[in-house]
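Peer 1: In order, the protein sequence lines correspond to chains A and B. Residues in the first sequence are numbered from 1 upward in steps of one, following my numbering. Residues in the second sequence are numbered from 1 upward in steps of one, following my numbering.
Treat the hints loosely; a few may be bogus.
[To be verified] Now the stretches of chain B that chain A is said to cover, found in silico as 3 or more residues with beta-carbon under 8 Å:
hint	stretch
1	18-30
2	121-134
[Claimed, not checked] With a Cα cut of at most 30 Å, we get these calculated DSS-like pairs of lysine-lysine:
hint	chain 1	residue 1	chain 2	residue 2
3	B	K143	A	K225
4	B	K143	A	K224
5	A	K224	A	K38
[To be verified] Chain A regions said to be covered by chain B (calculated; three or more residues, Cβ under 8 Å):
hint	stretch
6	15-22
7	47-56
8	265-272
If you're looking for bench data, these hints aren't it; they were derived computationally from the structure. Here the structure is a predicted model, which is why all the values come from computation and not from measurement. All C-beta atoms, glycine included, are put in the ideal place defined by N, C-alpha and C.
Take a look at the letters that make up each chain.
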Amino acid sequence: MQRIINFILSYRNAFLYCFLMVIALVMTIRSHSYHQSKFFNSSKWISGNVYGTAANISSYFGLREENARLVAENEELRKLLFNQNEQISANPLDSTVLDFEVISADIIKNSIASPRNYLTINKGAQDGIATDMGVITTKGILGIVENTSSKFATVQSVLNTKSNINAKIKNSDYFGSLTWDVNDYNVVQLVDIPRLVPLVVGDTIVTGAMSSIFPENIPIGVIKKYDLDTSRSFYHIDVELFNDMSNIKNVYLIINKNKEEIQELEAITEDE
Amino acid sequence: MNSALILNGLRFVLLVLTQVLIFNTLNFLGFVNPLVYVIFFYWYPLKSNRAVFMLTAFFLGFMIDIFSDTLALHTIASLTVAYIRPVIMRFCFGVNYEFQNFSFKNTTQIQRLTFLGLLVLIHQLVYFSFEVLSVSHFLLILKKVFATGIVTLIICALFSSLFSPQSE
Chain A
1 MQRIINFILS YRNAFLYCFL MVIALVMTIR SHSYHQSKFF NSSKWISGNV YGTAANISSY
61 FGLREENARL VAENEELRKL LFNQNEQISA NPLDSTVLDF EVISADIIKN SIASPRNYLT
121 INKGAQDGIA TDMGVITTKG ILGIVENTSS KFATVQSVLN TKSNINAKIK NSDYFGSLTW
181 DVNDYNVVQL VDIPRLVPLV VGDTIVTGAM SSIFPENIPI GVIKKYDLDT SRSFYHIDVE
241 LFNDMSNIKN VYLIINKNKE EIQELEAITE DE
Chain B
1 MNSALILNGL RFVLLVLTQV LIFNTLNFLG FVNPLVYVIF FYWYPLKSNR AVFMLTAFFL
61 GFMIDIFSDT LALHTIASLT VAYIRPVIMR FCFGVNYEFQ NFSFKNTTQI QRLTFLGLLV
121 LIHQLVYFSF EVLSVSHFLL ILKKVFATGI VTLIICALFS SLFSPQSE
């Protein structure tokens, strides 16, 4: 017994190292294989407030460009509105007839250099944000909400190896999945498009109708180059994003009001 | 003793803030984000309780993980550096460092630079291996380790000469 105790005492640092290492490894493996940790992420009080304060200060430096960007978007939306042929329903603000609702938020933390990138935004459960809401910018899609705290939320970026978003080629119904191969932060990959689809470099890729997170036809990017995958039956397409992922400030969160109904129906169908 | 505790606590907080607010958003060449907080392990008192040191390292890595949503990657890297540090010190400073009156003052510039370089190298190697966690991306790991490692080393060397501690 004395010897065992002596042995443990003489190697106590190695034991401590192994113990702490096991804790860290378990956390790493869990976050690699499944969702981001619910308890430790940047939406929490301390990190959220530090990032919020820093973003408050630094946001003053980009106000002019941000303003120009928003005015350009308004211009585009006005054009759409004036050229709309059919009359919008009698009361356009009647929220019961709308399928989607939009909440705006600011990015307070962004990352693009890691294989699993997350963003943090300055709105949380208090403002009606919940897990699995779609996040877009004026130019295109950005990601999906992963965790929320009361005042902040983390967003899984499309630049994340765990991200898997339904996408299709514009003006057709051929759909595939959007993934990322970590090489370039402006280029994502579209896979599972069958070989018979006619493709042209420069074609626009938009979100598909298959997901209950994003509405259909939100722009993603354009085809940069494409080739066949190893099985020679599907395309492997490089998509250049419309968004400059390193420079985003204002985002919109999309709430799909029919989501629960869709998911319920799908769950029932799968059970049978 | 008390002043050393305050000094290290202050360093801890300032390094976490510097890392997450400045260096994590650097994106030099699109992917280089130097991990400068590794200089904490260079500055930490040479003669200290190893258990306390490892727990501090664990906590430092953990804080940075929470801020950058890379749960437990920085923790693994810092913990490993903290555990290996005595070995690196023996390698760089020879048996000298075990003497009672050993301090940074009686080491050469080259020795200190090697010490810092090895700390940075091991930290980066562990961090990026676990970040990518795939043998097929070996070249990507090497590219990241070398590009980020060199930038980190330069910035840490500048930091260490700018804020050279008087008391150690």
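Peer 1: Now, for every hint given, state plainly whether the structure supports it.
Peer 2: Outcome of the hint check:
| no. | hint | result |
| --- | --- | --- |
| 1 | 18-30 | holds (count 6) |
| 2 | 121-134 | holds (count 4) |
| 3 | K143/B x K225/A | holds, 24 Å |
| 4 | K143/B x K224/A | holds, 24 Å |
| 5 | K224/A x K38/A | violated, 36 Å |
| 6 | 15-22 | holds (count 4) |
| 7 | 47-56 | holds (count 4) |
| 8 | 265-272 | violated (count 0) |
Going down the numbered hints, you'll see the structure goes against 5, 8, while the others check out.
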